[in-house]
Amino acid sequence: MMLDPRHAAWIAAMKAAGRGGLKAADNIVRGETWSTVIRVAADWSGDTITASLGYEPDDGVSEANDLSVNVGSYSGITLQLSSGSTATLEDDADGDGLVSVLFDLHRTPSGGSKYLAFGGWTYITGSVGNV
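Okay, so the sequence shown: first residue is 1 according to my numbering, each after it adds one.
These are calculated hints, taken from the structure and not from any lab test.
Just so it is clear, CB atoms sit at the ideal spot from N, CA and C, and this is done for glycine as well.
Among the clues, some could well be false.
Here are the computed lysine to any residue pairs in the SDA-like style, where the Cα-Cα straight-line distance is at most 20 angstroms [as the list claims (entries may be wrong)]:
hint : residue 1 : residue 2
1    : K23       : E56
2    : K23       : G76
3    : K114      : D43
4    : K23       : L116
Here are the simulated distance ranges between beta carbons [to be verified]:
hint : residue 1 : residue 2 : range
5    : S75       : R6        : 31 to 39 angstroms
6    : S68       : L116      : 16 to 24 angstroms
7    : A8        : E90       : 26 to 34 angstroms
8    : T33       : A12       : 24 to 32 angstroms
9    : A8        : Q80       : 21 to 29 angstroms
10   : T88       : A41       : 31 to 39 angstroms
11   : A87       : A42       : 16 to 24 angstroms
12   : G46       : D94       : 37 to 45 angstroms
13   : H106      : S82       : 16 to 24 angstroms
Using the sequences and the hints given, assemble the complete structure.
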């Protein structure tokens, strides 16, 4: 499976705006802790960073998951989901073993206004057995 066609326009808009639009390096494995690092060429450690994972942009559905965020000084921003959270993510509906999912990161600079800083995507995968 490639990127869900429903997500293509949103991802293209993120790329065109210089706000990512890339696939996260690591797939989410259902039932396991997930972590990925977003590299930034600036020190955002004094800013407020929030991030979410969801199936559709602006769908108003409560299925979005807030991500844990750890901001390093020039070392990147780590996004995480616990194993309990990944265990409840959407199941594969078409049998290919992959679910395309989006994530975004909002930044509120110290003394500034909140804005959408980055958007990207990854896959949710499962396991074939009881391991």
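Structure-based check of all given hints:
The hinted pair formed by K23 and E56 meets the criterion: a straight-line CA distance of about 15 angstroms does not exceed 20 angstroms. Distance hint between K23 and G76 is fulfilled; the C-alpha atoms sit about 16 angstroms from each other, no more than 20 angstroms. As the CA atoms of K114 and D43 are separated by approximately 16 angstroms, the hinted pair is consistent with the 20 angstroms bound. Of the pairs offered as hints, the one joining K23 and L116 holds, with about 17 angstroms between alpha carbons and a cut-off of 20 angstroms not exceeded.
Between S75 and R6 the CB atoms are about 34 angstroms apart, so this pair conforms to the stated range of 31 to 39 angstroms. For S68 paired with L116, a C-beta distance near 19 angstroms keeps the hint of 16 to 24 angstroms intact. Separation of A8 from E90 is about 19 angstroms and departs from the stated range, judged on CB atoms against 26 to 34 angstroms. For T33 and A12, the hinted distance range of 24 to 32 angstroms is satisfied, since their beta carbons lie about 30 angstroms from each other.
Evaluation of the 21 to 29 angstroms hint for A8 and Q80 yields a pass: the beta carbon distance comes to about 26 angstroms. A hinted range of 31 to 39 angstroms for the beta carbons of T88 and A41 is consistent with their spacing of about 35 angstroms. The hinted range of 16 to 24 angstroms is not satisfied by A87 and A42, whose Cβ atoms lie roughly 35 angstroms apart. In this structure, G46 and D94 meet the distance hint of 37 to 45 angstroms, their C-beta atoms being roughly 44 angstroms apart.
For H106 and S82, the Cβ-Cβ distance of about 21 angstroms falls inside the hinted range of 16 to 24 angstroms, so the restraint holds.
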